[in-house]
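Participant: Please put together the full structure from these sequences, using the hints given.
Protein chains in written order, with the working numbering: chain E, 1 to 293; chain Y, 294 to 877; chain C, 878 to 1266.
Note that these hints are calculated values from the structure, not bench results. Misleading hints may appear alongside valid ones.
Claimed, not checked - Pair ranges (Cβ atoms, derived):
(1) E:Leu40 <-> C:Arg983: 50 to 56 Å
(2) E:Asp61 <-> C:Gly1122: 50 to 56 Å
(3) Y:Gly704 <-> C:Arg983: 32 to 38 Å
(4) Y:Glu555 <-> C:Asp969: 35 to 41 Å
(5) Y:Ile703 <-> C:Ser942: 47 to 53 Å
Positions of the beta carbon are idealized from the N, C-alpha and C atoms, including for glycine.
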Amino acid sequence: MSNAAAMAEAEAVKAVPVGGRKEPRNYIFWFAVVWLVLVLLITIFGEWLPIVDDPNERNADTIKKGPSWDNWFGTATFGQDVFSRVVVGGRISLRVAAIGTAVGIGVGGTLGLLAGFYRGWVDSIVRLIINVTLSIPALLLVIFIVAVRDQSLFWVVFAVCILAIPALARIVRASTLQVAEREYVKAAEVVGAKRLSILFREVLPNVMPTMISFAFLTTGIILVAESSLSFLGLSVEAPTITWGSIIAEGRISFQETPHMVFLPAVVLFLTVLSLNFIGDQLLKRYDIRESAL
Amino acid sequence: MQQDRGRHASTWMRLLAVLMAVTFVAAACGSSDDGGDGEATSEADEQVAVDEADAEADADVEADAEADTDAADEDADMASVDPVMGGTLTYLVEAETDTWDIPGANCAVSCITIMRAVADPLTIINSDGEVEPFVLESIESNADFTMFTMTMRDGILFHDGTPADGAALQRSLQEMASGLLQGQVLVDLVEGPDSVVLVDPMTVTVEFAKPYSTFPRVVAERTGWLIAPAFWDDPDRAGALMIGTGAFRMAEWTRGEQTVLERNPDYWRTDANGTQLPYLDSVVFRPVPDVSTRRATMEAGDADVNMDSFGENKAFWNGEWLDNGGNLLVPAPPRETTYLLINNGAPPFDDPDLRRAVALCTDRDEYLEFRAPANQKANGPFAEGALGFLEDTGFPEFDPEAGNALLDEIGRPELITYGTTNVPSNLLTAELFVDMWTTNCGLNVQIDQFDQSELITKAITGQFEVFLWRNHGQGNPGLEEIWWHSRHAEGLALNFGRIIEPDLDTLLDATWTTDDAAELDALGQDINRLFAENVNNLWLNFTEWANPYQGNVHGVGVLTLPSGNFAQTGLAGRTWVEEAWIEG
Amino acid sequence: MVLVIILVLFALLAAWVVRVAGARFAVKRLGGAVLILVIVTFGTTLMLRQVPGDPCITALGTGASDEAVAECTSERGLDDSVVEQYTGWVGDVVTGDLGFAFYKNREPLSDVLEDRAPRTAWLFLYSQLIALTVAVPLGIWAAYQSGRAPRGVPRWILPVAIAALLGVAVVGGWGIAGILTVSVLVPIFVFNGIRGGPSGDSTVNTGAFVLLSIPVFVLGETLRYFFAIKNDWYDLVGYSPWNEGVGAHISSIWLPALVLGLAVSPVYLRLLRADMVQNLQQDFVAVAKAKGMSNRHILLRHVLRPSTLTLLTVAGLNIAQLVNGAIVVEFIFDFDGVGSYLIEAVARREFFAVQTLVALVAVLFVVTNTVIDVVYTTVDPRVRAEDEK
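Facilitator: As structure tokens, this is what we get:
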């Protein structure tokens, strides 16, 4: 091989962006979006839809049956329709995840923004908060909070919020630091715009994409955290249904009810996958490098 | 040229990828088929399950034949095949034991199972339901059952080498009599522990202030375990290892993980051929609270013996497990009763009308269908085959209208707290009852969840309203006195339900004055009717305990008494491993 | 004893950092870590006071006598101020008294840890090894492949494949496993198909992505089902230590370690791949290439080597993942390690044991990360200079 060819090949390697040569048509992105919208719609409308029955209706004729035409996801210990339970359980799981993410963005985002923009002592304090919270592994922290208080919906939500805040604060802070270095922000400073107006008009809009991308990823993480908690029997108590609690119930007599473990798990998995994928695609689209943050 | 080869390679890659994907799916579907069959059998309701199992067996003649010979073998090989010496038996138990200090301990089924292998009881109930002396040479009573004379067998040694003589027996009984819980069993001793008298080196007498005809049965377990003086002298005996005279000595006890028993080479019993017992080198008891994990461990062949009181699993052990060559202990006829234990001594259930109303609102058939299919419905505490059994006791049947009417009359309590351990399957049962009472009768019920270890403490201290319980599997109404008599209803009480009914006391006292089966049966039936009338407890079903064990394990539940008779094989999940052995 | 050794090692480390990087840097880095440690552990103590009612009453259980509760209250410093309670706790822990759980006859927590921590440590070690064995070769391969042109897969492959899958599934019965396998495979397949064929990079990357999205408990439950119940390839008999023989030891731990390893591997994989792809774009790679070095040589010596440091940093951060995973995995496999002890203690409402455990994990986490961070930055003057800015 000649040197020239080697150089050319090296150039080619250099030129190829991460993850493929040409931007492919993004069916999978839309698949993820459609799946999420579908999950959201079905869980929101729930019992009003003809396909969803009363999730608590007991039926002695259909105890622990596998999937069938009448019961798409099979039936549970008391003969309830697992599909309906997944729909209604998803409402709680998703609500917990949504609230957690919203609080994470609201509180964590604000903290990160202030820290990254004002630097100095504000930054020190926020960094300390982030480091302190992140020094306890997430699941352990959630278990600790729920164990110390109780397993009510409020404390579960509270626990996942504690999880989401530092995670988002860290990302937003890093992103703000980057944005604040950019020319247009510097320019605005030179022109003499007010600090606060720079923050809201120049910095915030440019931090937004990062925040939104990571909001998707965070929602996925919270979904997994909550369902892990349910799986360990430490989340919201019965008769409240969550995805994790359906799986935990299926585990009791695993040999007879594998459908109660695997089908909700597949729904959970696909939802998390979709959230992760959308987050990841957004990061790519806005050319945000995870490693740079 | 190079380019061409590259294209070839990529075609290969594509093909390979498609092939792999198909193989994966095929493999997955293949294995899911097996699962499908199993599901069908256990999911269908009882009748269908039996039919299907039959059909399956017909179709699969080979497997059927195999299973049959296995089952037949089980009886035959006791006599014909020589037991194999050595080996370790892994035994799954449902709970950890927090202490071996029996007089004050809440020794339940798991604890009893282990204790049976370590300590010998004074007497044992044989397979005909009669009492026989075991570690005792003899036990005699006077005519009115107030005075008992017990003589020890010669030459028995504790695990620490000290002799198990009359003095040791006296010490053991005195310690039991001074214990917080066992003391209540021996509460009628004339002068407390001092009434246990050593009359000669091997003989002890006990004297009671009132007739106690069931005493010889009482010392067949807990109260009657012979424990070494060295254990009693241990200043830290709450955390000490048990020392008894049993076939195995306790070698290691790691809380929450395992209790290891090792063969006692100086055990006093031999088998019919004169071989020194026990056959096994060691037994490892592993506490696994999760019933499904226990079942999975057994199915995977990773443990030898299991205990399971979970009604839902009954069909599995009787069907698939046996079909696959597993063994299942045939228990003695007396069975425990599963019921909702009601605290009669505190609001809101101190009102008999509320108890009746709740019983009227409880669809017990629905409970059976969902939580204990193939179990027999109980209308009283005594199971079929035990003394005192009645098919119809007059216990209120499900009648929500009557229940609502009664509630409208007496008013609904503000809140009922249903207590439950945090074991997942118990939580499901709790959910069922809460939903029943809420939807059928508009009661306001909340679930109080706590750890398994809290359950018995709550019962003893009376800090509960209602929870799921199982008890009363002794087969003799006289043995239940301790659980129901009003004199045990104060403070730390064994009359957990705080039942105070003078009529019941009279009947229970009467059971202690006789050991005649017919009389006891009649008294038991009266007790049964009285319970139905007062609804002191909410009877649900007779507990079907299963003790499954692996196909290569033999002699579980076998205990040959000195008289040559056999002991009761198993009662309420407890059984014997003294004469167990492992093939191959 | 162990604690003294740790303290000595820590002092040595501090001395080394001071020598190499100067006192100011050392104080900044190590001081920050100490501050975090104090706040975290203080926070757990503070949380303990948030138990509704009296933690002592709840922890001791229903049968507790008033004296026992009073003794517990004073012993735990609950009648003192938070600060006194905290200093008392720190004093106890530093002198090696970690307290106890009530329900196990006051068995000291230090005994429990002595018994169980090695198991969890082995679990961590094996799972890390498994994760790296999976991640490093695949990461290198993916990075190497990332520069290649995507291979066009004919469009018709996808519908045909899906139809074939459905056909097989319908004929063979819609088993649970089938659904799961399909739901994992189809996204990979679809993704790959659309991304331009099963090129190494996108396959590996998607695989990592899918693995990352599977909750640990789903993975664990699935593998337990197939390896321990359906097929008897793993014995659910609990942990065997080394002295019971290598075979017994490995066979008692391989499946939990595999689950945990698979759960953490995508983090390594994705990071290594990204890092290596970035390195591949550096000028020195082009130069090396120009010099006529072999691809293999370039990949291993010039591209992988700088990435190992990054891998080390992630290993530190991954401890959090490992702890989360270990709690779930030990629960699933009934593996008597620290994680299952924690769940047990939570179920028994043993707040004091739980608090001490949480605090200890936090200490472990912070110390490890600080050590890695300090070593990393001390070794690499560029980072230090960046930091000084």
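Participant: All hints, please: hold or fail.
Facilitator: Hints, one by one, checked against the model:
1. E:Leu40 <-> C:Arg983: 50 to 56 Å: holds (51 Å)
2. E:Asp61 <-> C:Gly1122: 50 to 56 Å: Holds - the Cβ-Cβ distance for Asp61 (chain E) and Gly1122 (chain C), about 52 Å, lies within 50 to 56 Å.
3. Y:Gly704 <-> C:Arg983: 32 to 38 Å: This hint is violated: roughly 47 Å between Cβ atoms.
4. Y:Glu555 <-> C:Asp969: 35 to 41 Å: The hint (35 to 41 Å, Cβ to Cβ) holds, given that Glu555 (chain Y) and Asp969 (chain C) are roughly 37 Å apart.
5. Y:Ile703 <-> C:Ser942: 47 to 53 Å: violated (37 Å)
Of the hints listed earlier, those the structure fails to meet are numbers 3, 5, in rising order.
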